[in-house]
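> Letter by letter, the chains look like this.
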Amino acid sequence: MTAAITAADPMVPRVARVLRRRRNGPQVFTLDVEPEDPAPAFAPGQFSMLTAFGVGEAPISASGDPAEPGRLVYTIRAVGPVSSALTRLGPGDLLGLRGPFGMGWPMVEAPGRDVVIVAGGLGLAPLRPALYRLLAERARYGKIVLLYGARGPADILFRNEIESWRRRLDIDIAVTVDHAPPDWRGHVGVVTRLIARADFDPLHAVALVCGPEVMMRFAIAGLGEAGLADDAIYLSMERNMKCAVVFCGHCQFGTVFVCRDGPVFRYDRVRSLLAVKEI
Amino acid sequence: MSPTDSTQHAVVTPEGLQALFEALKRRNYRVIGPILRDGAIIFDDIASVGDLPKGWTDEQDGGHYRLHRRDDGALFGYAVGPHSWKKFLLPATQRLWSAERTEHGVAITPEPRPSERFAFIGVRACDLNAIAIQDRVLIGGAQADLRYQSRRQGAFIVALNCGVAGGTCFCASMHTGPKASGGYDLVLTELVDDGEHRFVVGVGSEGGGTVLAELPHRSAASEEVAAAEAVVAHTLANMGRAMYSDDVHDLLLRNLDHPRWDEVAARCLTCGNCTLVCPTCFCTTVEESSDLDGSRTARSQRWDSCFTMDFSYIHGGSVRATARSRYRQWMTHKLATWWDQFGTTGCVGCGRCITWCPVGIDITEEVAAIRGSEPS
Amino acid sequence: MEGLERIVKEHPFFAGMQNAFCDLVCGCARNVRFEAGQYLFHEGEPADWFYLLRHGRVALQVAVPGRGAVTFQTMAEGEIVGLSWLIPPYRWTYDAKAIGLTRAIAMDAKCLREKCEADHDLGYEMMKRFMPVLIQRLQATRLQILDVYGTPA
Ligand SMILES: Cc1cc2nc3c(=O)[nH]c(=O)nc-3n(C[C@H](O)[C@H](O)[C@H](O)COP(=O)(O)OP(=O)(O)OC[C@H]3O[C@@H](n4cnc5c(N)ncnc54)[C@H](O)[C@@H]3O)c2cc1C
Ligand code: SF4
Ligand code: SF4
Numbered sequence: 001m002t003a004a005i006t007a008a009d010p011m012v013p014r015v016a017r018v019l020r021r022r023r024n025g026p027q028v029f030t031l032d033v034e035p036e037d038p039a040p041a042f043a044p045g046q047f048s049m050l051t052a053f054g055v056g057e058a059p060i061s062a063s064g065d066p067a068e069p070g071r072l073v074y075t076i077r078a079v080g081p082v083s084s085a086l087t088r089l090g091p092g093d094l095l096g097l098r099g100p101f102g103m104g105w106p107m108v109e110a111p112g113r114d115v116v117i118v119a120g121g122l123g124l125a126p127l128r129p130a131l132y133r134l135l136a137e138r139a140r141y142g143k144i145v146l147l148y149g150a151r152g153p154a155d156i157l158f159r160n161e162i163e164s165w166r167r168r169l170d171i172d173i174a175v176t177v178d179h180a181p182p183d184w185r186g187h188v189g190v191v192t193r194l195i196a197r198a199d200f201d202p203l204h205a206v207a208l209v210c211g212p213e214v215m216m217r218f219a220i221a222g223l224g225e226a227g228l229a230d231d232a233i234y235l236s237m238e239r240n241m242k243c244a245v246v247f248c249g250h251c252q253f254g255t256v257f258v259c260r261d262g263p264v265f266r267y268d269r270v271r272s273l274l275a276v277k278e279i
Numbered sequence: 001m002s003p004t005d006s007t008q009h010a011v012v013t014p015e016g017l018q019a020l021f022e023a024l025k026r027r028n029y030r031v032i033g034p035i036l037r038d039g040a041i042i043f044d045d046i047a048s049v050g051d052l053p054k055g056w057t058d059e060q061d062g063g064h065y066r067l068h069r070r071d072d073g074a075l076f077g078y079a080v081g082p083h084s085w086k087k088f089l090l091p092a093t094q095r096l097w098s099a100e101r102t103e104h105g106v107a108i109t110p111e112p113r114p115s116e117r118f119a120f121i122g123v124r125a126c127d128l129n130a131i132a133i134q135d136r137v138l139i140g141g142a143q144a145d146l147r148y149q150s151r152r153q154g155a156f157i158v159a160l161n162c163g164v165a166g167g168t169c170f171c172a173s174m175h176t177g178p179k180a181s182g183g184y185d186l187v188l189t190e191l192v193d194d195g196e197h198r199f200v201v202g203v204g205s206e207g208g209g210t211v212l213a214e215l216p217h218r219s220a221a222s223e224e225v226a227a228a229e230a231v232v233a234h235t236l237a238n239m240g241r242a243m244y245s246d247d248v249h250d251l252l253l254r255n256l257d258h259p260r261w262d263e264v265a266a267r268c269l270t271c272g273n274c275t276l277v278c279p280t281c282f283c284t285t286v287e288e289s290s291d292l293d294g295s296r297t298a299r300s301q302r303w304d305s306c307f308t309m310d311f312s313y314i315h316g317g318s319v320r321a322t323a324r325s326r327y328r329q330w331m332t333h334k335l336a337t338w339w340d341q342f343g344t345t346g347c348v349g350c351g352r353c354i355t356w357c358p359v360g361i362d363i364t365e366e367v368a369a370i371r372g373s374e375p376s
Numbered sequence: 001m002e003g004l005e006r007i008v009k010e011h012p013f014f015a016g017m018q019n020a021f022c023d024l025v026c027g028c029a030r031n032v033r034f035e036a037g038q039y040l041f042h043e044g045e046p047a048d049w050f051y052l053l054r055h056g057r058v059a060l061q062v063a064v065p066g067r068g069a070v071t072f073q074t075m076a077e078g079e080i081v082g083l084s085w086l087i088p089p090y091r092w093t094y095d096a097k098a099i100g101l102t103r104a105i106a107m108d109a110k111c112l113r114e115k116c117e118a119d120h121d122l123g124y125e126m127m128k129r130f131m132p133v134l135i136q137r138l139q140a141t142r143l144q145i146l147d148v149y150g151t152p153a
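Protein chains in written order, with the working numbering: chain W, 1 to 279; chain R, 1 to 376; chain P, 1 to 153.
It should be emphasised that the hints constitute simulated quantities derived from the structure, not laboratory data.
Treat the numbers as computed from the prediction; the structure is a model and nothing was measured.
Even glycine gets a Cβ: it sits at the ideal position worked out from N, Cα and C.
Misleading hints may appear alongside valid ones.
[Unchecked claim] Going by beta-carbon spacing under 10 Å, a handful of chain R positions derived as facing chain W:
#1 VAL11
#2 GLU15
#3 GLY16
#4 ALA99
#5 GLU103
#6 ALA144
#7 TYR148
#8 GLU206
#9 LEU251
#10 LEU253
#11 THR284
#12 ASP304
#13 ASP310
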């Protein structure tokens, strides 16, 4: 009846300390945090539940380097009480931390294949750990393509890092914005338009997609047109979440739980659910 | 009699039942059973057999519940009321932890595991199945709800084979009753019709056998065992509702855009009563509290309902913004997606959601309407 | 002329097209080059030419009072600049400006329209190639209008 029961209470956070806070754009901040007791290593695409004491808890994806488990990195956009309180924390401040939770990106299935990453807006944050891993083990993969769309130039996350990746010759990067000021010299238009321009072998590629749900639906359509099979496309879903361990029922997405079966899903497994409105 | 031999049956009288309560209290159980309060039969602490709703029965239908006198002294002559045992195993609110700011940082104190041990009296087959379903959800996965687990593992369960079927019962359709088939320590079948008022008792666990051994009892005669079987057979033949459930998973999932959802949405008040009374509904939310200067904070958990707008809120709006999608979520979860998620039904056919829906929405009728509209 | 033919055939837009059609199309084509900042065309002008980009990047812009020229789309190598030549009144509805050095195949729109009118098989072939481009642009525009990355107020 009771399978593997961990002795620790999954609902109780551990305490972590903010080491550093950086601003990434309007309302978006990245926190580097260090847990007081060593926290389990995370896999790219997994998330944690972060507590702002006295305010509440929110699911936030790991955005740092999985090879550096002692320093956990989270990129947070202030949209409401919890996320705003988290982004106001500075060095030395304490927060609560549970996790990591969920199924991450298919790093084990990708070797030998081309990897196409399609990110929209804040969606680059959960994909950054995957990029770190891909670049750290560069030789194991085929082409690596990063297609990133943001609202405007000011919203582009991790600009310096993207620039440094651009200088590497072993990754193709295209960044586009929906709305451009006159001085912008890069691409303008939605990120899905970059897919047709990208150079990869659709028959030997996996695509990792993260961004607002509508953008992901369009991106999946674009990847399909480019020749990718449904089972080669992975996407990361967002749903309301209160526990992250299947107790609270909030993150149900039809037949699956986003916290347990996701947040990263293989597209063919949720295709029929994505087609149903308000499921 | 060997304590775990469930083929052997004993017989106890109402006095023997009183002895059972006392034996359980001696073991420091908090004895909980049906009592009559404010016009309904609910579950609460019981001190003696005298607290049970002797001679009462209930009349149930969609949006309708009324108590009546029976013409006998049956102690369990009614169906389930608005309460279920989840009230005790998964309380409506409970604290999870508190945190205190100290000079050095923040100290988090998990709420201690509950030490209270419950003895539940009169747990019907539907509710035994409901408990087993919540077990799967809350302690059957990779992570366990430790508070639920403690309460659950400490509980002593005296089950009851139903002597009457309520007007909204359909456990037979769900293959969950009316006979208790496991998951109990002792099981009672009440015999009131033929002479002496007595209970045929079956044993479901070693602990149950040990307790029974302390009670005044005798071995059941084969006619008594047959009479107990007849009670269950009679209940089975008198189910208030029916719902063909064997194909309901696929039926609902291929009809997610059925016009019937609009029709039911026009009646549903999204009050969430159905989720409150349902013995398997487990959804919860969390709340934060803090004292004035913010040095002490705490998180607690409380029941939530998929009928609220907040339930599916993600910044910008609710995923399930319409009554249609929220009713559909609830019903398809109970009958269909629960199978995908947990390998079991999420509905045990207890009928509570039908009885306690203020507008009498009937899950069996909704399934029938969708099935009936399909070309066969 | 030989070189131009090869370039036209190799452009993704004409990929896999029958030789006979290619010959017809090539008759309307010529090689062009734009320096950074140079305009391919301006809003309101007759749509006499359209462009298959071979290299470089082109910004599509509209003048918004108070905001100057707003780029709503950039076009890259392998893509088509200009769709208004297909439908009357054959006038550009935006400006197209080269962002860097840009090489393209310029298509004489009038010449191609006439050939399509004379040979409906060619016309149908061209329509089949233009339709997906139009639909993709429409979809992209829809997504852009939704402003999906916006933080809700
Ligand atoms: C798996 C996962 C990973 C995420 N990763 C990130 C990340 O890396 N960075 C980031 O900034 N945000 C991320 N989010 C979204 C983030 O959790 C929400 O923005 C946050 O919960 C909003 O809470 P709030 O109190 O600030 O805002 P409010 O909008 O006031 O939220 C009220 C309540 O609604 C729920 N809620 C609101 N929006 C969301 C949402 N988008 N997803 C889930 N629940 C929501 C929460 O339960 C919250 O308590 C992620 C969400 C999920 C599910
Ligand atoms: S859905 Fe209704 S009938 Fe089924 S278990 Fe819940 S309350 Fe009982
Ligand atoms: S079905 Fe009935 S009880 Fe449930 S939310 Fe609707 S009106 Fe309320």
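> If a hint holds in the structure, say so; if it doesn't, say that too.
Verification of the supplied hints:
The restraint placing VAL11/R at the interface with chain W is violated, with a minimum CB-CB distance near 31 Å, outside the 10 Å limit. Given hint, GLU15/R at the interface with chain W, is violated; its Cβ is 35 Å from that chain's nearest Cβ, farther than 10 Å. The interface hint given for GLY16/R is violated, since its Cβ lies 30 Å from the closest Cβ of chain W, which is over the 10 Å cut-off. Because the closest C-beta pair between ALA99/R and chain W is about 6 Å apart, less than 10 Å, the hint holds.
At about 12 Å, the closest approach between the beta carbon of GLU103/R and any beta carbon in chain W exceeds 10 Å, and the interface hint on this residue is violated. Taking 10 Å as the C-beta cut-off, the interface hint given for ALA144/R holds, the closest approach to chain W being about 4 Å. With 10 Å as the threshold, the beta carbon of TYR148/R comes within range of chain W, its nearest partner Cβ sitting at about 8 Å, so the hint holds. A hinted interface residue such as GLU206/R counts as satisfied when its beta carbon comes closer than 10 Å to some beta carbon of chain W; here the least separation is about 16 Å, so the hint is violated.
For LEU251/R, the interface hint is violated, since its Cβ never comes within 10 Å of a Cβ in chain W; the closest pair sits about 15 Å apart. A least Cβ separation of about 8 Å between LEU253/R and chain W falls short of the 10 Å threshold, and the interface hint therefore holds. At about 5 Å, the closest approach between the beta carbon of THR284/R and any beta carbon in chain W falls short of 10 Å, and the interface hint on this residue holds. Hint status for ASP304/R relative to chain W: holds, with the closest Cβ pair at about 7 Å, below 10 Å.
Here the hint on ASP310/R is kept, as its CB sits about 8 Å from the closest CB of chain W, short of 10 Å.
Checked against the numbered hints above, the structure breaks hints 1, 2, 3, 5, 8, 9 and satisfies the rest.
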